[in-house]
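> Residue numbers (the working numbering), protein chains in the order written: chain A, 1 to 194; chain B, 1 to 165; chain C, 1 to 676; chain D, 1 to 314.
Don't take every hint at face value.
Footprint (simulated), chain B over chain C, 3 or more residues, beta carbon under 8 Å [said to hold, decoys possible]:
# : region
1 : 46 to 55
2 : 75 to 82
3 : 101 to 115
4 : 124 to 130
5 : 462 to 471
These are calculated hints, taken from the structure and not from any lab test. For clarity, every value in this text was computed on a predicted model and none was experimentally measured. Backbone N, C-alpha and C fix where the C-beta goes; we use that ideal spot for every residue, glycine too.
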Amino acid sequence: MSTQQFPTETWTPANFLERVIAATPGESRLEMCIQCGTCGGSCPSGDDMDNTPRQIFAMIRAGMEEEVLASNTPWYCVSCYYCAIRCPQEVHIPDIMYTLKNMAIAQDRYVDSVAPDWSQTFVDYVENYGRSFEFGLATRHFLRHRPTGLRDTAQMGLGLLTKGRMDLMPQRIEWLSQLQAILNRAKELEAEGA
Amino acid sequence: MNDQFEPVIIGFTCNWCSYRAADLAGTARIKYPPNIRLIRLMCSGRMDPTFVLKALAEGADGVMITGCHPGECHYLDQNYKALRRVLLLRRTIGQMGIEPGRVKLVWASAAEGVRLAQEIGHFVEEIRDMGPLNWPGRLAAAHVNGHGRDDRLMPADMMLEEVPA
Amino acid sequence: MNDQAEPKERIGVYVCHCGSNIAATVDVADVAVWAKERLGDEGVVITHDYKFMCSSLGQELIERDIKEEGLTRVVVAACSPHLHEKTFRTACARAGLNPYLCELVSIREQVSWVHSDRQAATEKAKAVVAGGVERVIHNEPLEPLHIPIHPATLVVGGGIAGIQAALELADSGHQVYLVEREPSIGGHMAQFDKTFPTMDCAACILTPKMVDAGGHPHIDLFTWSEVVRVDGFVGNFTVTIRQKPRYIDTDLCTGCGICWEKCPKRVIDDVYEAGLGYRKAVYTPFAQAVPKYPVIDPENCTYFINGKCRACEKFCPTDAIKFDQEEEFITVQVGNIILATGFDLFDARRVPQYGYGRLANVFTSLEFERLCNAAGPTNGQIVMRDGVTKPELVAVIHCVGSRDRNYNNYCSVICCMSSLKFAHLVKERTGARVYNFYIDMRTAFKDYDEFYQRVLEEGTIFVRGRVAEVTDAARLPSEDGKLIVQVEDTLAGRQRRIPVDMVILSAGLEPRHDAKAVAHQFGISCSANGWFIERHPKLDPVATMTEGIFIAGTVQGPKDIPASVSQGAAAAARVLGRINKGEIELEPVRATIDARHCSGCRICNGLCPFNAIIFHEDAMVSEINHALCQGCGTCVAACPAGAISGSSFSNEQIMSQIEGLLLFDRPVRSRHFSAV
Amino acid sequence: MQRSARPYLDSLLAIQQDIGWELEEIQDWNCCGATEYISVSRLPAYALNGRNLALAAQQANGVNTVLAGCSACYLNLAKTDRYMQKDGRLNAQVNEALAAGGLHYDPGTVKIRHLLDVIVHKVGLEAVKRKVVRPLTGLRVAPYYGCMVVRPDPENRFGSPEYPTILDELMKALGAEVVDFPVKTHCCGGHMTQISAPVAYELIRRLLYAADQYQADIMVTLCPMCQLNLDAYQDDANKHFRTNYTMPIVYFTQLMGLAFGHDPAELGLGREFVNTAPALAKIGVEVPEEPAAARPRTRRDDPSLPMPQPLLKK
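With the rest of the complex left out, here is chain A (with noise of 0.2 Å):
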């Protein structure tokens, strides 16, 4: 992990914590942060990141840009919302998490792939498909990250295909072209708006 010097002439911490709310949908609200815990505490995997959700509001207050989208935050947040509904200053914290990992994916910053290549696996089949494909991705995901574990997974999926609850192939809705054409557009906009 690269660590950043600070404070340097490359601190910039107005900076980081601007982009990130700018880069949020709505209010976000983080500037609101006291800092209090209540997401750290009520997180289901807050005990296997790096840093808590708190913690990494206070990294991007301090500008610390190259930490925080390096973290393993927000790609082991599980969207359960209970942070959103407790936070006593109604900071939007998912929706940040969203913000970090389109910035990671975005700056190529993170540092375990296994979790941004999840996301891009899901986006490509529902690029090309329109839907998600449970065989195809769990096999293409584990090939790249867990091929030993791959065996076990296996074991799942040929139970999940014999009780009729997975296919082998694929299936593409109708009028993927129009998809494509809409979220095409789509990223078209999102790279003018940023």
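With the hints as your guide, set chains B, C and D onto chain A.
Just chains B, C and D now, kept in the frame of chain A:
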């Protein structure tokens, strides 16, 4: 020197909140454009719609009405009455051919000097974008055209209310 | 409009430099010269610019001109009227001019301090002066209002703040009516065991005051009563009090207690004992209750439910039980009113993740106070809900329902200190290990931080983090049977799960559930949260915007006992000042209806928040009571007949000020009108 | 729903007549993107959901409710609709993207509701009770809501984001004995099974531990992801922690179907990884041993395309 349009704006302030916010802006030396001239009322509820029409008719390009935040009125809830009047007034001036945006309602507590200054800044820009209102000019034109006073431009109760100058 | 022949008034205009405060940005000399030249038609006969108008020399300048030049109106262009209006008005009065014929316009706060372009600032200052001149022409000579004050006072709420206020007033020899909703005075403080930071016993310091109030020759105590109607205005309110039937003849009752001994009906006491203990259907809330007479609670009394029993009646040695008693309405006259109606405790059930109401051994702060209290349901034993087991591990959670936008976004002020108190009491009485979970430790005020030090010394473990949840769902066998407090220890940066036996929730303070209705009844305003709003948050914390109504204690916002007592005393002092003077002087900012123009449409009647407008059915006209009117002017703006005028803020004054502000060419404007 | 959550679909179709419904599938729906798409890019993720909403609005014949069975779909559709209503810029951008596909969606046009919400609040517990012919008496059910249906729930349809009871009430209406399940809204592990399995196993274990502590016979879920994680990964979690939980996990619609007297096979029972037979034997239901054979597909009538190759980074 500078041919930028400088609007003239009349601001009505509440004695308990926004007038004090204006005082606070002064004490804190927060700068805002000199286009606004303030009038103190005891409450935004005192704001008679004819005051606004009068200001526009006398040459103001915009009117800003300020009062306490909802729920914080020093006279219990008179600011809600101001709110209702402003909504109706905006519609009325719209019917008279004036952009409703020339009348703006802003809530500012006695602590919000910065906010009041910002709101004034924004409003000046908004009015600048709309350009001069020139209601007196239009009234004069109507007068010259021999119709006497143009009743469509002059609300009835204002004609009743002849104010000695 | 400015072509009138002969100006009626002789106006003097004084432009202040305020050292360099104004003069640095505004060309004050230019403003003065301009005013004399251009406003001459309006009646300006003399103008001066002066270094410091508010200095005695400046004031003498005005006085001299009034006398020598025969000025009939004065305009001072200087600082904000909130600062020096009174100064210049007084100067005018000294010179024999009615003070309300002087107008102070602000060219400092509103011009020199907020603008930097000297030319634009000077032009704006001229416009502001012109506005003031046009306005002052229409000022009328006014007299301040003088209102006589009735010497009796109503105090609503018999908690510590109300008791303090009542005693202060009564001790100085004035009549007080003290109204309390519950059967006894004492309020929340009577429920507490110890008081921080000194750990005095609450009852030991409160009971003597309660007894004093109960027996005071100048205090009429109305317990089990409520104010149902307030009429009138400062100096002379007429208040109607409803006294609920006690079903006890208080002239006969000796408070011996046989009735509640014999009463067969046990009821969970969820007011005084916070639901942890029982009382009877005939009861006094606690042993030291003032007055000592019990009440019969008809909702639970067997006789009221099914017509049988009457055990209390049979055993009463003085025949004081009166089942046929009815509610009474008492009317009193008072000059001032002090509201000290207190707070409600935040209902911890609203935070489901803390499990209160679902998990037996989660207690609220009030429940815990009762557990600790030697006179409480457990005789002061700190035990778990089973009533026997002493806890070995106790968690105290701060900020429950406070500092949280999901519930109340303010700090409840007292919870940090009371949480420390709980930690101390648990340690002292059970030796249990105590964890305090806090967001920020707020121990301001005298001896409070010292108490924090003491609790630290005692070995309480402090965890900085707002608790995420309290659960009985164990993850590991080691957690089985415990309550688990899950929290991020923000200083360690780790998620922790801490198993405990007992959890105490330091619930916050909330406005009374009926605060808004009470505020409306007394004609005062409350914030969006429901706390009553003081006249000035710093300089006038116990007065309200409504003359004659004062507030004290937690009704104004969360506060601790010393602050509540101070406010009770302060409110009493404010009232005493008025009683001693015998009258008050009010600013003559008032609305008046000209009966000749009133059409009797009654539009104004419903608009007045102070019910100051009365309608005369016979004459079909409305009239404004000047003692009730606060001068907001809403009715003036609404009257379709223009029959209402507002003194100090009349239509003529405001319309003319508008004209003045826009009177001359618009010098700041570089593009001029062209005819359409 | 046609795939890994097939029993959910089967059981829903089975009970729809009982509760007087006629359900229509959104034609050519696409994936909502779960929590993954929005992790990669923001606007396309909203556009993805915008398309579903637009299709639903087009297809709506006087009907304006989209029923979601899956919590992620529910959340994503509802959130897209809500944010489009609140954020004018987002609304404009999503619609500009949709226009590229000839679609348009006015936020607020369709109501997005979860199956459970509609069954309890629209159909009503009384109507459900009347249909019960085989009460689930004696079956100890742990109601499991998971996260994204009850949270953030801005319209408060489920009563409480922390401790809802509507599934409890539904199960009671079916005659079941309902466990006061303290972890009812905790996380099932979500996508962590793919990202860091041990993390997910721990989350799954916590739920199983609590269900076991509370002596539940069976856990009911209302989301395909939860069902999949708890059911299919139960064995892995057991291996990881050397435990031996055998907690059957079914959809609430399956238990409704059983109570309404449907045949277990029709409800897709028997397709679980963890055997439901012992639990359901308590209410006298025999679960088919072998799953109904899936119709073998030939390559010819298969509309699928070959798998795309992974994009290799770096």
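> If a hint holds in the structure, say so; if it doesn't, say that too.
Now the hints, each set against the structure:
As drawn, the region 46 to 55 of chain C meets chain B at 0 residues by the rule of a beta-carbon pair under 8 Å; below three, the given contact is violated. With 3 residues having a Cβ less than 8 Å from any Cβ of chain B, the region 75 to 82 of chain C passes the three-residue criterion, so the hint holds. Note: the region 101 to 115 of chain C has 8 residues with beta-carbon separation from chain B under 8 Å; the three-residue rule is met and the coverage holds. Only when three residues or more bring their CB closer than 8 Å to a CB of chain B does the claim for the region 124 to 130 of chain C stand; here the count is 3, and the claim holds.
Counting residues of the region 462 to 471 of chain C whose CB falls under 8 Å from any CB of chain B gives 0; the rule of at least 3 is not met.
Hint compliance for this structure: hints 1, 5 are broken, all remaining hints hold.
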